[in-house]
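Since the structure of chain A is already known, use the hints to place chain B on it.
Number of protein chains: 2
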Amino acid sequence: MRWEDLGDQNCSVARSLAVFGDRWTLMVLRNCFLGVKRFDDFLRDLDLSRTILTDRLNKLVEHGVLEKIPYQVKPTRHDYRLTQKGRDLHPIIMAIVQWGDQYYAIDGEPPIIRTHTRCGKDFQSVTVCSECGEPILAHEVTVRSNPKVRKVIA
Amino acid sequence: MRWEDLGDQNCSVARSLAVFGDRWTLMVLRNCFLGVKRFDDFLRDLDLSRTILTDRLNKLVEHGVLEKIPYQVKPTRHDYRLTQKGRDLHPIIMAIVQWGDQYYAIDGEPPIIRTHTRCGKDFQSVTVCSECGEPILAHEVTVRSNPKVRKVIA
Chain A
1 MRWEDLGDQN
11 CSVARSLAVF
21 GDRWTLMVLR
31 NCFLGVKRFD
41 DFLRDLDLSR
51 TILTDRLNKL
61 VEHGVLEKIP
71 YQVKPTRHDY
81 RLTQKGRDLH
91 PIIMAIVQWG
101 DQYYAIDGEP
111 PIIRTHTRCG
121 KDFQSVTVCS
131 ECGEPILAHE
141 VTVRSNPKVR
151 KVIA
Chain B
1 MRWEDLGDQN
11 CSVARSLAVF
21 GDRWTLMVLR
31 NCFLGVKRFD
41 DFLRDLDLSR
51 TILTDRLNKL
61 VEHGVLEKIP
71 YQVKPTRHDY
81 RLTQKGRDLH
91 PIIMAIVQWG
101 DQYYAIDGEP
111 PIIRTHTRCG
121 KDFQSVTVCS
131 ECGEPILAHE
141 VTVRSNPKVR
151 KVIA
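Chains as they are written, first to last, in our numbering: chain A, 1 to 154; chain B, 1 to 154.
For reference, chain A alone in the conformation it holds in the complex:
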């Protein structure tokens, strides 16, 4: 099925990218998953302007991806913490890391090693099918419009 048959307003990718589809936002999210929570720490780590950082953090709060938790009064200071909706972005960040490690590693070595505490081993992320558990390859996927959603739009 071709894109023109699917409907732009109704695309999960388009709608997701409206939330996080710019480089700085994805870098902010990457930092969130590395444990960064405070404005000044994002600012120092990312080397971007206060204006851009404020805009990106506010947008993520507005979309329910981050929440502001006060940790100090007079003056008020906030932590920015991932909500469940934010934590659910983890597979996207993992997939980006995986690709970057594969194609941009220096001498074949990833810059960061990740350990899965559940099994205790250093790991890479693998994207698998919810039904058969096998890795998903692009040429083994076919798509069709959801007839129920067509009805909603009509």
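Derived by calculation from the structure, the hints in this document are not laboratory data. Quantities reported herein were computed from a predicted structural model and do not represent experimental measurements. Hints may be right or wrong, so weigh each one.
One copy or two, either will do: identical chains are not told apart, so a pair holds if it fits within one copy or between any two.
Result set (DSS-like, lysine-lysine): computed pairs, CA atoms no more than 30 Å apart in a straight line [stated by the list, open to error]:
hint, residue 1, residue 2
1, 74, 59
2, 148, 37
3, 74, 37
4, 85, 121
5, 148, 121
6, 74, 148
7, 59, 37
8, 37, 68
9, 68, 148
10, 85, 37
11, 121, 68
Okay, now just chain B, sitting in the frame of chain A:
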């Protein structure tokens, strides 16, 4: 471990986002995975300017994510096809789709249904650990610098 200890120049996310980290590029890639190959088809489907589309396609060719394959001479016309490096971006697009379906579906229905031709079932993508095969949760991941890469930088 905190971001400032890891080194910006050495981050797989930062380096990956230099290739595809803007909304239009990700939309172009989404279309590639839906089978779109020709300039005019991207143009019509995405409703963006010829200048932006040309820029994004050229950048993806330059980074080895797409390749130009001539399908006509006088005048020369090209298909834009995903290379292996490009096809390896599929898990990222899948993860974005998954999140969008989860949080922006209309009445809980995803706009597009995907079938895994290997097992024949409609599926969702799941990100699992390469070692134990269990789904990866953000709070079950710890990170450390790769000592071999530290040596390369030093």
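Here's how the hints hold up against the structure:
1. Taking the shortest Cα distances, residue 74 and residue 59 sit within 30 Å of each other inside one copy (25 Å), while across copies they are farther apart (48 Å).
2. Taking the shortest Cα distances, residue 148 and residue 37 sit within 30 Å of each other only across copies (28 Å), while inside one copy they are farther apart (40 Å).
3. When the C-alpha separation of residue 74 and residue 37 is checked against a cutoff of 30 Å, the pair qualifies only within one copy, where the shortest distance is 19 Å, while the shortest distance between copies is 57 Å.
4. Within a single copy, residue 85 and residue 121 get their C-alpha atoms as close as 27 Å, and across copies as close as 27 Å, so both meet the 30 Å cut-off.
5. In this assembly of identical chains, residue 148 and residue 121 lie within 30 Å of each other by CA distance solely across copies; the values are 18 Å between and 42 Å within a copy.
6. In this homomeric assembly, residue 74 and residue 148 never come within 30 Å of each other (Cα to Cα): the closest approach is 52 Å inside a single copy and 45 Å across copies.
7. Only within a single protomer do residue 59 and residue 37 lie at most 30 Å apart by alpha-carbon distance; the minimum there is 15 Å, versus 34 Å between protomers.
8. Only within a single protomer do residue 37 and residue 68 lie at most 30 Å apart by alpha-carbon distance; the minimum there is 9 Å, versus 43 Å between protomers.
9. When the C-alpha separation of residue 68 and residue 148 is checked against a cutoff of 30 Å, the pair qualifies neither within a copy, at 37 Å, nor between copies, at 37 Å.
10. In this assembly of identical chains, the alpha carbons of residue 85 and residue 37 lie at most 30 Å apart only when taken from the same copy (16 Å versus 33 Å across copies).
11. In this homomeric assembly, residue 121 and residue 68 never come within 30 Å of each other (Cα to Cα): the closest approach is 33 Å inside a single copy and 41 Å across copies.
Hint compliance for this structure: hints 6, 9 and 11 are not met, and every other hint is.
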